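For the record, the sequence lines run as chains P and D.
Letter 200 of the first sequence, counting from 1, is numbered 350 in our numbering, and no numbers are missing.
Letter 141 of the second sequence, counting from 1, is numbered 160 in our numbering, and no numbers are missing.
Read the hints as simulated data drawn from the structure, not as lab findings.
Given the structure is predicted, the values throughout are model-derived calculations rather than measurements.
Any given hint could turn out to be false.
Derived, one-sided and incomplete: chain P residues facing chain D with beta-carbon distance under 7 Å [said to hold, decoys possible]: (1) L192; (2) A194; (3) G282; (4) F298; (5) L374; (6) S377; (7) A378; (8) Y381; (9) L382; (10) I407; (11) P408; (12) Y413; (13) V422; (14) N426.
No farther apart than 20 Å at their CA atoms in a straight line, the calculated lysine to aspartate or glutamate pairs in the DMTMM-like style are these [as the list claims (entries may be wrong)]: (15) P/K177 with P/E333; (16) D/K107 with D/E286; (17) D/K22 with D/D315; (18) D/K107 with D/D80; (19) P/K177 with D/D315; (20) D/K22 with P/E430.
Every residue gets a Cβ at the ideal spot worked out from N, C-alpha and C, and that includes glycine.
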Amino acid sequence: MGEPQYVKAAVFQRPLRLGLRRSLLRKPSLVLGMSLLTLLVLFAWIGPSIVINDPLTAQMAERLQGPSWKYPLGTDHLGRCILSRLMAGAQLTLGVSALVIATVALIGVPLGLLSGYVGGRFDAAVMRLVDGVSALPEFLLAITIAGFLGPNLANLVLAIVMVKWIGYARVVRSIVLSEREKEYVLAARVAGSSLWTILWRHLLPQILSPVIVLAALDVGKVILTISALSYLGLGVQPPVPEWGAMLNDGRPYFQTIPELMIYPGIGIMIVVIACNLIGEGLRDLLDVRSR
Amino acid sequence: MGKLIAARLWQLVFVMFLLSLLTFTLMKLAPGDPVMLILDTEELAVTQADEEALRKELGFDQPLITQYASWLFQLMKLDMGESYIKGKPVLDELIQRLPATIQLAVGGMLVMVLIAAPLGILAAKYPGRWPDHVSRLFALIGASIPSFWLGLLLIYVFAYQWKWLPTMGKGGLSSFILPSLTLGFAMAAVYSRLLRTGLLESLSQEYIRAARARGIAEWRIMTKHALRAALLPVLTVFGMSMGNLLAGQVVIETLFSWPGLGGMIVEAIFQRDYPIVQGYVLFTGFFVVVVNLLVDLTYSLLDPRIRFGKGGV
Chain P
151 MGEPQYVKAA VFQRPLRLGL RRSLLRKPSL VLGMSLLTLL VLFAWIGPSI VINDPLTAQM
211 AERLQGPSWK YPLGTDHLGR CILSRLMAGA QLTLGVSALV IATVALIGVP LGLLSGYVGG
271 RFDAAVMRLV DGVSALPEFL LAITIAGFLG PNLANLVLAI VMVKWIGYAR VVRSIVLSER
331 EKEYVLAARV AGSSLWTILW RHLLPQILSP VIVLAALDVG KVILTISALS YLGLGVQPPV
391 PEWGAMLNDG RPYFQTIPEL MIYPGIGIMI VVIACNLIGE GLRDLLDVRS R
Chain D
20 MGKLIAARLW QLVFVMFLLS LLTFTLMKLA PGDPVMLILD TEELAVTQAD EEALRKELGF
80 DQPLITQYAS WLFQLMKLDM GESYIKGKPV LDELIQRLPA TIQLAVGGML VMVLIAAPLG
140 ILAAKYPGRW PDHVSRLFAL IGASIPSFWL GLLLIYVFAY QWKWLPTMGK GGLSSFILPS
200 LTLGFAMAAV YSRLLRTGLL ESLSQEYIRA ARARGIAEWR IMTKHALRAA LLPVLTVFGM
260 SMGNLLAGQV VIETLFSWPG LGGMIVEAIF QRDYPIVQGY VLFTGFFVVV VNLLVDLTYS
320 LLDPRIRFGK GGV
C-alpha cells in the first residue's frame, strides 16, 4: 500500500509546448498501460465465456489438481477452477476499484470546487475536515472500521472512500483558488452567469486533467489496499474470489503447490502496473506535475 | 516557528478528539454485546444477576454522553481498559508489543536507505541514461508489487527452497532479514524517485554552480550540497507516509508471525477484542500526528531559509 502521497499535491501547469510531438503514440508508457488494461478487461469479461467453469462450485474429488483441458490452471484446495476464479477476481477488482474512485471523485470534486470558489465559512469548515481526516491514515480507518463493524468488502470500501476524497477536494480547491481571479471567470461573473455555470462551464474543464491523473494513480493504490486487507482476511470474504483472498487460501499449500499463490500475485501486480503506467503516461501527456 | 508549533499542537488535539469520538462511536455500534463476550470467556453459567452486575460495573447503564466523558477521563490517565480476551490492561499489551514493531521499522528503513540512496543518486547523476531507466523500472515494480506477495515469494525461495533463513517469528538477526527486506522494498521505490527529483532540482541551483566554480569535488557537491536540499521533499513524504509504514507493518508482521503491534491488531479484530483495537487506533493515530509535528520542526534544521524566516523553499 505504499504510495507517494505527494501526488495529492499535484498542481496544474499550462502546457509549455503544444503540438504533435505530444501526441498519444509518443507516450510508450500510456500505450503499454492501456494495452495491459484492455487485455485485463477482456480476460475478466470475455474470458468466462471461453472457460466455462463456475468459480464458486467446490468439487472435493478434484481438489489441488494440476493443469488439464478442463481446468487450464488446475484447481484449488476446494476443487474450484483457478482460472475461472482469477477471471472472476479480475472482474471484482476492476469493478470495485473503478466504483470506489468514481465515488471518491464525485464527493471530492464538487466539495473542492465549492470550497475554493465560494470561500468563507464553508471553505473553512471543509478545510478543517480535510485537515482532520488527512491526519488519519486510510489504512488505520480501514482497520478501525473492520475492527468494530466486522470485516467485509462494504466496510472496506466505506473506509477507503471516507479518506480518499480529501485528495480530490484539495487539488481541485487549490486550482480553483488560482483560477477564480482570472479574467475569464471575472468576465463570466460580470456577464451574470450563475454559480452553477461558472463552476460547471468555466472551472470544471480546468481541473479535469489533474483529477484524471490523480484518479488513474489512485486506482492502483486502491487495488493494492483491497487485496492486502483481503489477504489478511479483513476485506473480501470467502468464497468470493478476490486475488488477495485467493492468495490467503493458497497459503497452506504453497510449499507443495506454489502456483496457488503465484497466479493471483501476478494478477495483482499486472493490474497495478497497468494503472501506474496509465497514470504516469497521462501525467506527462496532460502536463500535470507533482510539485 | 512558535506559531507553527502552536498550530500543530492544536491539530494534534483536534485529531485525537476526532479519533476518540470515532472509536467510541464505533465501539458502541459494534455488533455483539461486550458484557456477554466477557462472561463467555469465563465459561461459567451466566445468570441474569451476573449480567446486570457487570453491566453496572462497566457503566453501561449510564447515558452515552456520561459514558463518553468518563471514558475520556480514563483515557487521559492512560487507562485504556482491559483486553476482553487476555484480561490484561491494554496499555501493558501495547508497550509489550511496541519494541518488536520499532525494531522491524528500523530494519525496513535501513533496507530502504540502502536501496533508495544509491539508486536515487545514480539516477540523478545520469538522468535519461541507463541508471535512470533501471531506477524507473525498479520504482514501477516496487510501487506495484503487493508486499504480502513479495514476502511470500521471499519465504518460498529463501526459507523453503534454500533453507537459508527462518520463515517466521522473531529470533536472532537472521529472522530480521526477510521482514525488513519486504518492508523496505516498497518504500525504496517511492524514495529513490523522490530523491532523484530532489537532487536534479537542487543540482540546477545557483549555489551548486558556485560550488563547482570553487572547484569542489563532484562527489562532495553531490553528498554535501545537493543531498541536503534534496532531503526536504523526502522528509515531507516520510512524515506523510507514516500511515503506509504502519500498514506495511500490519501486513508483514502478520505474514511473518512477528510479535509486534501489527500482528496484534489483526488478531484482536478476529477475536473482537474491542479495547485492544481501540487502544491500537488511538496509539497509532497519536504517533502519526506526532511524527508529522516532528517532521515540520526538522525542516528548520535542514533549511536555514526557513529557520531565519526568509521564505520557504
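Sort out which numbered hints this structure fails and list those numbers smallest first.
1, 2, 10, 12, 15, 18, 19 and 20
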